[in-house]
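Visitor: Chain residues, written in single-letter form:
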Amino acid sequence: MSLLEVENVSRHFGSLVAVRDVSMSVEDGELRAVIGPNGAGKTTFFNLISGFLAPTSGRILFDQQNITHLLPARRVWRGIARTFQVTEVFPELTVRDNLRIAVEVAAGYRLRPWISRQAAAEISARVTDLSDKGGLADKEDRPVGELSHGDQRATEIMMALALNPRLLLLDEPTAGMGDQETYNITRLIRQLHQDHRLSIVLIEHDMRVVFHLADRIMVLAEGAMLAEGTPQEIAANEAVQAAYLGEVA
Amino acid sequence: MSMLGRRGPDIAVWLLLLALPYWLNWVGGYTSLGSRVLVLGLAAMSLNFLLGFTGVLSFGHAAYFGLGVYGVGLTIKYLVPSTLIGMAVGVIAGSIAAAFIGLLIVRLRGIYFAMVTIAFGQVFYFIAYRWNSVTGGDDGLSGWHRMPIDLGFATVDILGNDKAFYYLVLVSFAVAVAIMAALLRSPFGRTLLAIRENERRARFLGIPVDRHIWLSWVISCMFVSLAGTLYALLNNFADPHDLRWDQSGDFVIMAVLGGMRAFWGPLIGAAIFVVLQDYLSSETANWMSFIGLFFVLVVLFFPRGVLGIVQRRAAP
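As they're listed, the protein sequences go chains X and H.
Here the first sequence stands for residues 29 to 277, where the numbers follow our numbering.
Here the second sequence stands for residues -5 to 310, where the numbers follow our numbering.
Treat each hint with caution, since some may be false.
Stated by the list, open to error - Calculated lysine to any residue pairs in the SDA-like style (CA-CA distance at most 25 Å, straight line):
| id | chain 1 | residue 1 | chain 2 | residue 2 |
| --- | --- | --- | --- | --- |
| 1 | X | K167 | H | R255 |
| 2 | X | K167 | H | G183 |
| 3 | X | K167 | H | L187 |
| 4 | X | K167 | H | A158 |
| 5 | X | K167 | H | E193 |
| 6 | X | K167 | H | I79 |
| 7 | X | K167 | H | L178 |
| 8 | X | K167 | H | R179 |
| 9 | X | K167 | H | R194 |
These are computed hints drawn from the structure, not numbers from a lab.
When you get a sec, could you build the whole thing from the sequences and use the hints?
Guide: Have a look at this one:
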């Protein structure tokens, strides 16, 4: 059975149809890329999966449970974590505190008015581990708002990872980054995918990143699904070339 | 930073407050002025738990402050002549009202939240203002005063002895402030900071944001109603003005003046406000315009408040 099963979802904004009858099924441990020209409905599609928006019609199953109308926080509790196209972190708090909040929430401590020494030490160890993995060890005590775009993005991804998700949704993780930063983030995503067998769905514009990372690719155009397949199949698909790849190249 | 270095300012504040009745006269003040600073400081710090550390602006905290005021006044006047029972009634009344009203308004954000808090606050104001037979209406609730506290082995005369009353205020203040400080250092407190910093991120970390804002609101209102009970005891009087929206505005001014990102900021703001008011109101009836001018200057030139300046200097 698939981990995520999206069945014929549509989303209307008034007369505009942002997402039209799209279906997708993501297997456990798969890395799926969603690509498409600007305005294709990729982010809206993501918002439907993560609960930021409710679909106008259609159904979303996660781990065989219907989550179509579940609140975002409850989807997180079931194991769906996401990042945003414009990085969303806690800018005035340090990298450590950003990660710590995520770790504490994941540990079920969010309502705790106190914390034992032992629990605090366990949390702290996990935070250190995440910050090392994200390449943030030497910036831990700086407010995230002061860091480079790439480091803010890495913090956001590690916060999502702190939630121990079963499915990670990444909305344009390399948007606005230079070559070196893009390389670092790509390596980080690859590592997470391989080391943790984490299922990932990512929206991406950078085709090098997409073809380097993805097991399968879904192409959206004008809100509808244009094609779906392995990177080789997508690269060879004429409709995709016409609608999208040709336009970029 | 060393432990003492980090704790230094806290220790200094507590020592100053502990010794206040013994040095305040020496610098030209008087003990009940100190009590006033502490009471309004507690109100402003309670408001700031919500404003500065959860990022939610309330313009209606006077309602819960006023429920504390009338709770203690009405209890002592009509029910039981006991200071502590009166305080308990005031705090419980304020907290229950906040819990119910909170349920209705917790989904609102920003200016809408602020406006609705004013609206609910005015409801309580008009009840106190109009219900002459019980609350004394426009004239306020008089004909009662704080009662000596019986500890079993000794009786503390907080009515005749200003210093004894100051220490009752200080103990209440210390308990409330210690609880708020501990909460802000806890995982729960960090979820509030998270909501202040970025509500969307908080929600997508799995924090049920509305519920946490509700909790922060109730905690904040509970301590502001505690401040209200102390304020009524300080004055031996309940004034309907204590419930009005401009009183809520005063709390916001105190918090912003002192620095709402600093834990002690609102206390400093309250001290400046109360001392200026005490000094200026003996000189001119238009004292509020001077406080207003001072407030504008601080907001223009030191947007992080008086403590914000100090902290920036101290930062490496």
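Visitor: For K167(X) and R179(H), compute the direct alpha-carbon distance and say whether it is at most 25 Å.
Guide: Given that 25 Å is the threshold and the Cα spacing comes to 22 Å, the pair holds.
Visitor: Straight-line Cα separation of K167(X) and A158(H) no greater than 25 Å?
Guide: This hinted pair is violated, its Cα atoms lying about 51 Å apart.
Visitor: With a cut-off of 25 Å on the C-alpha distance, tell me whether K167(X) and R194(H) pass.
Guide: holds, 24 Å
Visitor: Next pair to validate is K167(X) with R255(H); report whether the Cα-Cα distance is within 25 Å.
Guide: Distance of about 23 Å is within 25 Å: holds.
Visitor: For K167(X) and E193(H), compute the direct alpha-carbon distance and say whether it is at most 25 Å.
Guide: Between K167(X) and E193(H) the Cα gap is close to 24 Å, so the pair holds against 25 Å.
Visitor: Is K167(X) close enough to G183(H), meaning Cα to Cα at most 25 Å?
Guide: Status holds; Cα separation ~23 Å.
Visitor: Need the status of pair K167(X), I79(H): alpha-carbon distance at most 25 Å?
Guide: Roughly 52 Å separates the two Cα atoms, so the pair is violated.
Visitor: CA of K167(X) to CA of L178(H), is that 25 Å or under?
Guide: Holds - the C-alpha atoms of L178(H) and K167(X) are around 24 Å apart, at most 25 Å.
Visitor: For the pair supplied as a hint, K167(X) and L187(H), is the alpha-carbon distance within the 25 Å limit?
Guide: The hint holds at about 20 Å.
In summary, the numbered hints that this structure violates are 4 and 6.
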